[in-house]
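Throw the hints in and build the complete structure from the sequences for me.
Here my numbering is used: the first residue of the sequence shown is 4, the next is one more, and so on.
Be aware that a few hints might be false.
[To be verified] Subject to a maximum C-alpha distance of 20 Å in a straight line, what follows is the list of computed SDA-like cross-link-like pairs (lysine to any residue):
#  : residue 1 : residue 2
1  : LYS98     : ASN19
2  : LYS98     : THR14
3  : LYS98     : ALA27
4  : LYS98     : SER29
5  : LYS41     : SER29
6  : LYS98     : THR52
7  : LYS41     : THR52
8  : LYS98     : THR61
9  : LYS98     : VAL133
10 : LYS98     : THR15
11 : LYS98     : ALA53
12 : LYS98     : ASN34
13 : LYS98     : THR135
14 : LYS98     : THR86
15 : LYS98     : LYS41
16 : LYS41     : VAL24
17 : LYS41     : THR135
18 : LYS98     : VAL131
19 : LYS98     : SER20
20 : LYS98     : LEU13
21 : LYS98     : SER28
22 : LYS98     : VAL35
23 : LYS41     : PHE56
Just so you know, the hints here were simulated from the structure itself, not pulled from any lab data.
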Amino acid sequence: MATSVFLSNLTTLTVNSVSLVDQASSVTIDNVAEQLEKTSFGLTSRIFTAGLFNNTITMTLYNSYATSETYATLNALVGTTTTVVATVTDGAVTKTFTITGCYLETLPVVNGSLGTLSTVDITFTGGVLVAT
Numbered sequence: 004m005a006t007s008v009f010l011s012n013l014t015t016l017t018v019n020s021v022s023l024v025d026q027a028s029s030v031t032i033d034n035v036a037e038q039l040e041k042t043s044f045g046l047t048s049r050i051f052t053a054g055l056f057n058n059t060i061t062m063t064l065y066n067s068y069a070t071s072e073t074y075a076t077l078n079a080l081v082g083t084t085t086t087v088v089a090t091v092t093d094g095a096v097t098k099t100f101t102i103t104g105c106y107l108e109t110l111p112v113v114n115g116s117l118g119t120l121s122t123v124d125i126t127f128t129g130g131v132l133v134a135t
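Pasting the structure below:
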């Protein structure tokens, strides 16, 4: 599984065309090809091949209930698919990762603790990942 973690070099993060880059503290995009076993009799080691892709994008966002912020943007997306775009700049190189048709199953609506900023961890699954 290839994993990339973007922190300080994340320049854009949009969910359903709404920018949440100012609310994000971490983003991880996983490009996942499910493994299918194709071992046959007579072999001495297991052999695998790629099956369907099941990409994920996980993000930690500061919880904000204002219009066009974290809660307002994500609440309407629970149980639906959407597009997530993350752009990363590394020196002179800029890469944009777009996951189209990813599904949001769960949105924590309250996550608070004394003396800390409220954050939510969300994961979009599935969809088609394209890097440009």
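Going down the list of hints, with the structure as the test:
no.	hint	result
1	LYS98 / ASN19	holds (19 Å)
2	LYS98 / THR14	holds (10 Å)
3	LYS98 / ALA27	holds (18 Å)
4	LYS98 / SER29	holds (17 Å)
5	LYS41 / SER29	violated (37 Å)
6	LYS98 / THR52	violated (28 Å)
7	LYS41 / THR52	holds (7 Å)
8	LYS98 / THR61	holds (18 Å)
9	LYS98 / VAL133	holds (10 Å)
10	LYS98 / THR15	holds (11 Å)
11	LYS98 / ALA53	violated (25 Å)
12	LYS98 / ASN34	holds (15 Å)
13	LYS98 / THR135	holds (6 Å)
14	LYS98 / THR86	holds (16 Å)
15	LYS98 / LYS41	violated (34 Å)
16	LYS41 / VAL24	violated (42 Å)
17	LYS41 / THR135	violated (32 Å)
18	LYS98 / VAL131	holds (16 Å)
19	LYS98 / SER20	holds (18 Å)
20	LYS98 / LEU13	holds (10 Å)
21	LYS98 / SER28	holds (19 Å)
22	LYS98 / VAL35	holds (19 Å)
23	LYS41 / PHE56	holds (17 Å)
Violation of the numbered hints given earlier is confined to hints 5, 6, 11, 15, 16, 17; the remaining hints are satisfied by the structure.
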